[in-house]
Amino acid sequence: MLSLIIFIPLIAALALLMVSRESVAAIKTVGVGAAAASFALSLWLLFSFDTANPGMQFVQTFHWVPALHINYLVGVDGISLWMVVLTAFLGLLAVMLSFSQKEGLRNFVALILALEAGTLGVFLALDTILFYVFWELMLVPTYFLIGIWGEGRRVYATMKFVIYTLVGSLLMLVAIVSLTMVHYGATHDVTFDLRVLTLTHIDPSMQIWMFLCFFLAFAIKVPVFPLHSWLPHAYVACPIPALILLTGAMSKTGAYGFLRFCLPLFPEAVESFATVIGLMAAAGMVYGAWIAIAQKDLKALVAYSSISHLGFIVIGIFAHNGTGIEGSLLQMINHGIIASALFLIVAFIEMRAGTRNLNELRGLSKAMPVLYGTFMLIMLAALGLPGLNGFVGEFLILMGVWTSSMFSGLSGILVLMGGLSIVFASIYMLYMFQGSMQGKSDNQELTDISRCEFKLLLPACLLILLIGLYPKPFIDRVTPSVESLLHLEKTVNLHTGEESGH
Amino acid sequence: MFASSWLILLFPLLGFIGLSWYGNRISRKLVGFVGCGTVGASFFMTLVTLSNLLFLQPEERVGQVQTLYQWISAGSFKLNLAILVDPLSVFMFLIVTGVGFVIHVYSVGYMHDDPEYSRFFAYLNLFIFSMLVLVAAADFFFLIVGWALVGLASYLLIGFWREKASAVLAARKAFVMNVIGDVGMVIAALVIFETFGTLSFVDVFASAPDQFRPNDDAMLLITMLLLVGAFAKSAQLPLHTWLPDAMEGPTPVSALIHAATMVTAGVYLIARCHVLYELAPYTMYFIAGVGIITAIFAGSMAMVQYDIKRVIAYSTMSQLGYMFLAMGIGVYSLGMFHLMTHAFFKALLFMAAGSVIHSLDGEQDLRKMGGLQKVMPLTHATFLIGALALAGFPLTSGYFSKEAIILSSYHAEMGNIVFWAIAVLTAGMTAFYIFRVYLFTFFGKLRSPEAHPHESPMIMVAPLLVLAALALLGGVLGPWVDSFLAPVFGHVAHPHDNALETIALIAGIGGIATAGLLYMVSKQRLDLFKEALAPLYDLLLHKYYVDEIYDYLIVRPTKAIGAFLEQKAEREGVDFTVDQVGLQIKEVSHVISLWQSGKVRSYALNMIVGVVTILMFVVFM
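As they're listed, the protein sequences go chains W and Z. Numbering-wise, the first sequence is residues 1 to 502 according to the numbering used here. Numbering-wise, the second sequence is residues 1001 to 1621 according to the numbering used here.
For reference, chain Z alone in the conformation it holds in the complex (with noise of 0.2 Å):
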């Protein structure tokens, strides 16, 4: 029933070898509309899917394996190449191609000056692949080559430009981290194979609660190994340095990898294994502490960031910590929610944002922007409505997704008034930056003299405005996300505290209005809050020195020590140690023969007829 399913990862599959094989030879438009039309067949054969998934019964919708052949048999170490079509997983092909496609269509658009056009098509069809295979993925094998395989992609689009040093830079620094992550990840699976001897994802999980109490070692192991991958890649506190950098790429990857599809594998892999996490609640409480930390942290530093696309990217890395809080509460479908939610109106704003950047020939700072609300009407609408469903503005779909984890995340079981709170103060923050970064854009006067912006072409507003109304009015969704979701994580209670939705509304209003009211005052006076504030903005502004913290602890002692070791244990250690058995033999021979002519030549015959006779006198005694 659901063996046409693999053709959802076919078709991106063609796209990708399609055109990194004809690519060059054929015509620009035929590129364009091979690498979205790839990404729009998929997308079909995704709703195809999930007609068919909606004709079974709920609970006959879990555990859907389809197996392609058997891919390895080797010691007690089996697998098979199989999908899983599940809910979960149809949520995920869900927003993987339909936003994916949407943003193919815009990068038609953005690219398409671009020398090596088909080249960045091709990419991207290859991340939609990897995506794909990552939440297709029947087993903790696959899970692992798709989770590898986005970071590729990601690799490649991040250094698209390879001629940019600071593009292949931030390129190698994402794929590092990011191997990482694997690394814990592959550890991860290595412990599950010893533990359950399968790595498939319906046996572990269906064995799990049997074998198990909550927070054995075992559990707790795993769990903790998941998450150095979940947090590579998800960009969490302490693996987070590399997804600023990755702004160095393209806007149209910036939105699709690096906002609305990548990022979020980590909060996927979570519910995925929701099974083992609820085996493991330390764990759990760790994730909500480290996402909630993340949120606020990552927040902080986007209210002072110049940089227009860094901005988004530390939204996106506080938003994100908002999903981890939600798992880590165990309120599951409303993180996915989110998830959702936060596709919509994140890629929106880097779309819009790109929008911006390609009129103003690649300016991305905030302060040579300005008053071009008249001259992009369509952009500045669609920016703004990406901007009050970040800030969570009531009726927008990201009121309530986020809206509903912060009440979670008091209400809930494993929740309490500190992650309220600290969510609570971000929610603020979030309004603050996000608002900071529209008026700096759309208001005043254009900072740049000799710019002449323009609105973009009808092929990069369109997908804009198609996002804008899913991020306007997705919240419609919540209850069929919720419901969609149930047969994988049950039903999740919703609490109502109109105390505290109040209080979490006006954070939300009260940022915008700061950022408002500091947008209005005169520069002299904003000079004079900063240099009251200068440590903190300092500190902000550096990003925590996070970066160069890793340089002196992590980067330069790993590379002096390569230098050492090749020079003191390699050269002088090793090395000299063996030449110095054999000078001091050759010393002793030097005595005794001395009739040697010391041509190489005939060392060489010497050491031939010597090997010859040794084997002539055990060969024939």
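Chain W on its own, in the form it takes in the complex (with noise of 0.2 Å):
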């Protein structure tokens, strides 16, 4: 099943290669076939969860390496369960929306396709090595994506993602190694499986590099601020549909990271370091945001948005208490949403008016109410609006920051600095909404968006306002899992080499 989900798309894209390039309506088949498969799956899944159960569900393996003892291990629990679902709902919204790419569409579908099955992998890998490779091979497509279909300064952007990006992860391969060579120490048994080796003490010493190494490459992805300078220009160069998984799914990976491998691997150093990298977060919220409201060029202004969104997620998660993590993980589902709709919407206007510079937009509404009216909506769920899913996250958040005992007594000072970025997110929002949509108009010749194109944007519509007014059975599939993830007990010790058993 899980495997399904993941393959499918990979399978697609390979086949895709096959297909001759002017064949559109081939390509067209098999693209939106495999992405609304593999979501259909996903559907699926979400369905036959059990909500009740916290552990692993629906868990597949076999020998990969077994010399090595590395297995292909997926299992879906329910951290990863709304992001699986997620990124295949933005694979295939990615995949439609990249029918309108005039040039080499057949590889452009085929490496969306792969960056899906690839961030899906991320999510779904329970064993370190299989991660590891589903998180390199969400950085091939993304390359030749911005490489090569991107704009204006595609290749600075694309080398500098990459070259970030690898930094980052081949530290963690090196943590990755040690962390089982550390459970290999305790047990004798060499293991890549996250779910064993989450049992393992680790000495705090050790954990403090194996965390920082973790965490680095989780970071840099996301990204943290001040690692983030790879985040504007990659954004700003990305054709729309990439991008689409690019901020929606693939940040979220960072995020999720931390969650399953710096949270329960690391407790100590997690609570030595959630001061700093709370500060960090809280940081990077006001600064994006900061940012966000001198932007003239709308692709930029909700790009260094997401980056103070993305700082909420983080500190949330450092929180380190039910409330927090569970309104991260809620937020990571809706900025996934949000920030996704809104570089559709700035993708519908350039497509109209031929730029996306608020310096010459204005006065848009007048020609295109529909897009007016979805448009404010998204809008207000991404500056907070209570009543939309946006503000229930950021609640939640603020509420785990607030009563959090990581922080060590900077609580307050980090929910002060979450209310301005509010404030800043009111401010900007309503910039690029009032610049773009309201006074004088002078466009009267252009056409609103297409029937088709609304479809895009209506199932993000529907989610603000279903989350907003009911947002229980989202989190209720979520707290099993968050809950055994705090009250995880260490069984095996390094210095004993014995199961303790309780």
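The hints are simulated quantities; they were obtained by calculation from the structure and are not laboratory data. You may find that some hints are simply not true.
Stated by the list, open to error - Examples of chain W residues toward chain Z, derived with CB under 7 Å:
1) Ser229
2) Glu326
3) Leu385
4) Pro386
5) Gly387
6) Ser426
7) Ile427
8) Ile475
9) Arg477
To be verified - Per the computed footprint, the stretches of chain W lying under chain Z, defined by three or more beta-carbons under 8 Å from a beta-carbon of chain Z, are:
10) 85-95
11) 201-210
12) 262-268
13) 432-441
14) 467-473
Backbone N, C-alpha and C fix where the C-beta goes; we use that ideal spot for every residue, glycine too.
Using the hints, put the two standalone chains together into the complex.
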């Protein structure tokens, strides 16, 4: 089941390379078919998921490299469930949007599918080596998507992105290997199974550098301030269909990594670094928002607003309590929906007005009433209007931070910085919305978004309202796994080398 | 028993959804009918709820929580979607749906020629729904939701004429200022949850008196944080600058949102949380102080403005100051009573002013009006009633409510002579500025020659008459309000002090007389007078330069820092450093890799080969 979700897009991507470049219809059928099948399976997964079970479900495994005990091992729990659904959904969206691509459609769609598969794999892998393979698999399609189809300084942007990310992930690889060695030292048992590894108690001084290796890889991917400088370049250069996956799904892999690796594996290290990370994240929230206020390019504006929102997610995770983490997980869904929808809107505006510079845009609402309405709803969700989904996540995160014991007395300051970034969010979002949609209109001849384009935005609108009105079902599926994460007991001890079973 | 009370909220919501979806496809008549009908239905359901409530014994009327479903359960944070039906919320329902309905009907006439008629009614319905959420909420979370939604509706309606640049700016200003208030409320909610482990009103208010002693830090913190929201929404100092600018919106909006209902949300909040405020007497003094200062501050500005709507807007601020004073000195039901009468006469004044503006084709400048009492007899009469009530003329509704607050500001436990003196002075100013407007508008000669003023159509005049009756006679409801709200607040003592009452009365009548006198003296003398007081006049005309101060102290630095961060920190700092690291490495590798072609694709190929090699190495050793 889980393997199908991952490999349908991947196989379709390979299959597309066999299809002739000219047969557009076939490309579209294969692309949409694969993405839709994967999404449908993820929905099936969602409904057959056992809400009360905190452990891994739908586990599939076989020996991959028996000599080294590396297994193909996938499974899903409450923490990854929504990410899988979100990624499959955004993958479908991205494939559908990429049909407007004029040149190299075949390769473009294939790469999008490969990117989707890599991201899904990251969320589902339970073997650390497998995780690493998928982690790198995400990188390759992104490199080409930005480098070939991008705009502006695309080569610079993509090089920066790839090198930056590689630095982090290679360090992570070192940590992955040493993690298994530590476990081997304790039990004389070679395994890359994350479920087993999390039970190992690691010496605190070891924890610190291993934590830092993992943290760096994930923090670059999110990104956490001040490791974000690849993001504005990459996002601005990235073609919008790929950007939807990049911002909606791939940026979540970093946050997911924190939850899957850093928190359960290195509890002591997390505790000693939480304050610093909290401050970094909070600084990123304010910093990103502040720079977003000064942006004129809509794409750059949304990119910087993403830095701000992702800071929220990170700070909630390191609050290390149920409210904060569940808020972060909800906010990961929210940001995936909202940011991708905002980029879609930017794409629609650019397609019609020929520019996305705020200085050259104004008064579009008259010509595009439907876009105006949907844009308004999404904009309001993005600035965290109470009653819509963004606020639920932000509120839970702030609540988690406020009641957290991790930030050594700085909770109040962190919450205030969060509050400041919310105020700034209302400013830049209104700049963006009012600047482009309101004011004197001089673009009467522009056409509104088509029915088909509206359908791309509609799911986002519905989810914004649904999560705002009734977040309980979304949170309920997450809660048991988060609880078990927070109450994890280390049963394998390095020094005695015995299982002290409870 | 109160499950049907959900319908009060449902109707306007359906109206909003229906009108925003189908509004452009149905006839104008139907739009007006739906827009008003939903609010009317809501008002009817409020009456049903009221009668249900009155059947109960007074002590059973509080704490009736109606739960719809469990909304969330995350970590230790659990919350139900619920409404609270008690005398205070029903009282607010009555004002919101009652006055709201009247203003909706008025809007049918006022907005008749607007091309975006249905959008206007959709937004109005959204506003009514949001305001009802605010007052119906049974916990702090949904209070904040309603709080923000009314802010949204206000934003949409201020910026309703979205091609008008000044309206767009005013809307943004109002929104951002209200978000500041929202953030204060959110943080307050966090503290409340940490302190009490729940956000539900009933639980919090039940446990607060046992857990805390007056002026405990937690209580002071919570009450002050809530005040940030209250001050922002009710345009109290120093978060008031958005309200005068909000007059860019259509006049019915000013009447409904920026006079009768939304701006009183801050007063409602304090009344709702009075249990907490009573545990924080210092905060109470602070509220009373800010209230009375705002009252005189706004009243003084209203005396010199020439835009008819702005005068009334400042007057609203000033009257809200009175209500905050009443809250601060602990006479809650008097504050709520003034909230009610103010809703009547201020909505009336705005709508009568709207009727004038309508007939002068959008002219708002007092200097271009005049002599309208003959052409617009009904508008004139209703405006006069509104003005008398605002000035506190004996036996009008405003007289009863304002006089009671002024008297209490001295006689209540927390009152003192300073509060009383400023309150009386403000009462004098109030009478002066509103009669200045009255005389400017309706007496003398019309000062804009091209205009053809006419009495407004019946659909606009009828609502004026209804509100005029309420503004005139609403005073008799005083004792009923008192006893109806008693289960929530307890009974209030009504002091009698003939001397003080007379002085306040004289101040009011003196204000009216001064307006008359100044109006009658010749223009030359008036100019002399203005010259003598030039610095003061200037200060008032420029609204104490608060806007300018904020611009220089907050708005510009914020933008400048944003640009600075982008230029210096981002481009020349973070980005530059990262690039330098890359460049230095490249420099080194350049020396040892001169054989490379320099083609991007071959670089890419190398990189992939490298990655794969490393992987193979790791995987297969």
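Checked hints:
1. Ser229: Hint holds; Ser229 of chain W Cβ to chain Z Cβ min 5 Å, cut 7 Å.
2. Glu326: holds (4 Å)
3. Leu385: holds (6 Å)
4. Pro386: holds (4 Å)
5. Gly387: holds (5 Å)
6. Ser426: Holds: closest Cβ of chain Z sits about 4 Å from Ser426 of chain W, inside 7 Å.
7. Ile427: With Cβ-Cβ at 6 Å, under 7 Å, it holds.
8. Ile475: It holds, given that the least Cβ distance between Ile475 of chain W and chain Z is near 5 Å, below 7 Å.
9. Arg477: violated (11 Å)
10. 85-95: It is violated: at least three residues are needed, and the region 85-95 of chain W offers just 0 whose Cβ sits closer than 8 Å to chain Z.
11. 201-210: With 0 residues closer than 8 Å to chain Z, the region 201-210 of chain W misses the three-residue bar; violated.
12. 262-268: violated (count 0)
13. 432-441: It holds: at least three residues are needed, and the region 432-441 of chain W offers 6 whose Cβ sits within less than 8 Å of chain Z.
14. 467-473: That given contact holds, which follows from 3 residues of the region 467-473 of chain W lying within Cβ reach (below 8 Å) of chain Z.
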